[in-house]
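Peer 1: The sequence shown maps to residues 0 to 126 in numbering that gives the first Met the number 0.
Check before you lean on any hint, since a few could be wrong.
[Claimed, not checked] Per label pair, the in silico range of CB-to-CB distance: (1) 84 with 41: 16 to 22 Å; (2) 66 with 21: 22 to 28 Å; (3) 37 with 5: 17 to 23 Å; (4) 84 with 63: 23 to 29 Å; (5) 10 with 37: 31 to 37 Å; (6) 65 with 21: 32 to 38 Å; (7) 65 with 86: 28 to 34 Å; (8) 28 with 5: 28 to 34 Å.
Don't read these hints as lab results, they were simulated from the structure. Backbone N, C-alpha and C define an ideal beta-carbon position, used for all residues, glycine too.
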Amino acid sequence: MPIHFVEIDGLRVRYSDEGRGPNLLFLHGWGAGFEVYKPLLSRLAECHRVVAPDLPGAGLSQEPAAPWDAADYVRFAQALAARAGLTEAVLIGHSHGGRITSSGWARPRRRGRAHPLEVIRPPCECP
């Protein structure tokens with residue numbers, strides 16, 4: 000699992016970027032970094048590009064100086080996606096990650112184009 004460190008909004012952030020194919024951005028829940036989900040992420044990476052950060056304050060990512068609200072995490076996730084070169088991605092959020100994905104991230108840019116929830120059923124069938 001390729002690991003990267005970047006600086007976003009003055010915070011040192013760790014994320015993984017693995018696989019090839021349609022983009023997935025995975026946002027984990029409270030109390031865990033992305034490594035807890037490594038078996039799932041590795042399986043999805045067999046047929047997708049999977050980008051998964053340690054959210055600020057979790058795993059090996061730096062903690063913000065003050066508490067963040069949902070809008071702060073949305074801005075962070077959008078900045079990370081841009082930094083990773085994701086122009087489109089299916090968002091997968093668990094617990095707190097789901098809060099981020101449902102807090103204004105998945106707004107349609109054009110009528111009829113947004114799909115804020117997509118279900119991926121394992122095992123994924125790779126081409």
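Peer 1: Compare the structure with each hint and give your call.
Peer 2: How the hints compare with the structure:
1. 84 with 41: 16 to 22 Å: holds (21 Å)
2. 66 with 21: 22 to 28 Å: violated (34 Å)
3. 37 with 5: 17 to 23 Å: Holds, since residue 37 and residue 5 (Cβ atoms, about 20 Å apart) stay within the stated range.
4. 84 with 63: 23 to 29 Å: Cβ of residue 84 to Cβ of residue 63: about 24 Å, so the range 23 to 29 Å holds.
5. 10 with 37: 31 to 37 Å: Since residue 10 and residue 37 have Cβ atoms about 22 Å apart, the given range 31 to 37 Å is violated.
6. 65 with 21: 32 to 38 Å: Cβ of residue 65 to Cβ of residue 21: about 36 Å, so the range 32 to 38 Å holds.
7. 65 with 86: 28 to 34 Å: 31 Å Cβ-Cβ, so the 28 to 34 Å window holds.
8. 28 with 5: 28 to 34 Å: Distance hint for residue 28, residue 5 is violated at roughly 22 Å.
The structure is inconsistent with the numbered hints 2, 5, 8, although it conforms to all the rest.
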